[in-house]
Amino acid sequence: MSTGRPSAAAQARLGGEDVLRLLLPVLVLAAGGIAWELSVVWLAIPPYVLPAPHVVFATIVADWKLLSESLLITLVTTVEGFALALAGGVGLAVLFNQSRLIEYSLYPFAVMLQVTPVVAIAPLLLIYLSQEAAVLVCAWIVAFFPVLSNTTLGLNSVDHNLVDLFRLYGATRVQVLWRLKLPAALPYILGGLKIAGGLSLIGAVVAEIAAGAAGSGSGLAYRISESGYRLNIPRMYAALLLLSAAGVVIYFALSLVSYLMLRRWHESAVSREG
Amino acid sequence: MSPEGNFAVSLRAVRKSFASGVDALDGLDVKIWPREFVSFLGPSGCGKSTALRIIAGLSEPTSGRVEWPPAQAAQERSPAQLAPAQLAPAQPATARARSAIGIVFQEPTLMPWSTVARNVRLPLDLQGEAVTEADARVAAALAHVGLAQFAEAYPRELSGGMKMRAAIARALVAEPKLLLMDEPFAALDEITRFKLNDDLLALWRMLGMTVVFVTHSVFESVYLSSRIVVMTARPGRVFTELEVDAPYPRDSNFRTSAEYAAHCRRTSEALAAAAAIGEGR
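Read top to bottom, the protein sequences are chains A and B. Following our numbering, the numbering of the first sequence begins with 1 at its first residue and continues without gaps. Following our numbering, the numbering of the second sequence begins with 1001 at its first residue and continues without gaps.
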C-alpha cells in the first residue's frame, strides 16, 4: 500500500533536524549561562546585585521545600484557570455559534474583559473574593479569550460543501456540531489552548503579585515579591527560573497534546517529504 | 412512459435569482427519466451547478418547482410498500426521501480527521444505521470503487483520484436512486479521469440508478451520457437536448470511434450556439 507516509530516509533526515532544533537552544542557553557566570566572577559582582547561576541553582536546592510548595500552588492555580478557560472558551464559542443573538449580545463584553489589563482588575477582585478565588478568576480572565476567539474562528471555518452534505442527509444540529464543526475547529482550539496555557500562568502570577502586596499568599510570584522586600536576590532569581521552567513545560505539554491529536490528518502536524 | 408517472425528477419552470441580482436560472424545464445518465452541459455561469443544488434540496428555487414522481411520494406515506433492499425500514420519511439522493461535489469534500471508512459511513451514521449493517455496506461501497485496501487510510494519504473514489463510495453507500455529480472529475488528470469515467459507467449499469452529471466537457458528456442537456448562460435555461444513442457498455473503442467523433462534433456545435446566445444578450 503506497500511501504518502514519509520514507525511512526522510524520517532519518527529519530526525537529524529535530536533534538540531533541540540542541541549538540548549547550546545557546549554556553559552549564556557560562558568560553570565564568568562576568559575575571577573567583575566581582556581589550576589545581592546579580547572583551567579550556580548560586541560583544552590538556592533552588537549599530552599526547595519552600519553593516547591509555592510552585505547586501556582501550578494548581494555573491548571485550574486553564481548565476553566477551556470549558468557558469552547462552551461560549459553541453557544455563540448556535445563536447569533447571544453572540451579538455577549461578544463585546468578552472583548472588554480581554482588553482591560488584568493587573487593574486584580485588586478589585481581591476585595470581593477570597485570595484563591481571586487568583483563579484572574488566570481565567486572561486565558479564556484566545480559546473563545480561536474556537469561534474554527467553528466558522467549516467546508461549506461538507455542511451541504450533512444537510442532504438530514443531520441534526447536534450531529453537525459534534461530527463536523468541533472536529473542524480542533486545530484552532488547540492553537488557542497553547496560548491560553501560558496566559493562565501569567494571570495567576499577576494576581499573586497583587495579592502579595496586600500581605497574603504563598505562590511563586508571592515568593518573588517577598524575597524582593528582603533583598534575597538569589531566591528571586530561583523563583523566576522555576516560573519560566513551568511556562516552558506547559507550552511543550500542550504542543505534545496538539501534535498527538492532529498528527494523522492536519497539515500543521504532518511532516512532508522532500 | 406516461408523462405524469414514470419520471425520476422533473424541474418545472425553475427560476433562481440570487440576492446579488444575478439570475442563475430562468425558466429551466428538464425531466429526468429513471436509470438514465443525463449530463448538464454548458458554459460556466449557466447555472448547471445551481440546478443540481436545487434538485438536491440544498437551494430553493425562486419560482417554479421540483417534482418527484407520485409513486415515490406514495411510498413515503406508506413504508410497507418500500422495497427492503433499497431502503432500510423504520426511518423517518424525510430522511428516507433524502437518502434516495447521493451527491458528489467538484472537490472530494472528505472529512480530513476521519479515515476513508468513517467518511464513507457518514450518511449511514447520520441516519442512525446499525453498526454491523453499516460496516457491511461501507465495505461493499469501498469495494465498488476499488478502495477496499484503503479503508483505514486518512484522506491526505490518498491521491486526487482516490479521494474522488472515496467521495463516490460515500454517495453510493446509502444506495441512492438518484446520483448527482457536480463536475466531479474536472480537477483530475486525463488518465485518472478516463479511468473514473469507465468505473462510473460500470457502477451506473450495475446499480441501476439515475445519474445527473454536470460538466463543461463536451467529450466527457458524450462518452458518459445517454442524453445531454445543453444550457445557455445568463440566464440559464435549456438550449437543446441531444440523445447519445450509442449502446453501452462504452469503452476505449468507443472513445476513438467515428460515431463518438460525430456525437462530439454535434454537441460542440450545439454548445457553441448556446454560448453565442449567452454572449448576444
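Do not take every clue at face value.
[Stated by the list, open to error] Covered stretches of chain A, as calculated for chain B (at least 3 residues, CB under 8 Å):
id	region
1	153 to 162
2	177 to 189
3	261 to 269
Bear in mind the hints are in silico, worked out from the structure with no lab data behind them. For each residue, glycine too, the CB sits at the ideal point set by N, CA and C.
Structure-based check of each hint:
{"no.": "1", "hint": "153 to 162", "verdict": "holds (count 3)"}
{"no.": "2", "hint": "177 to 189", "verdict": "holds (count 5)"}
{"no.": "3", "hint": "261 to 269", "verdict": "holds (count 4)"}
Going through the hint list in order, the structure satisfies each hint without exception.
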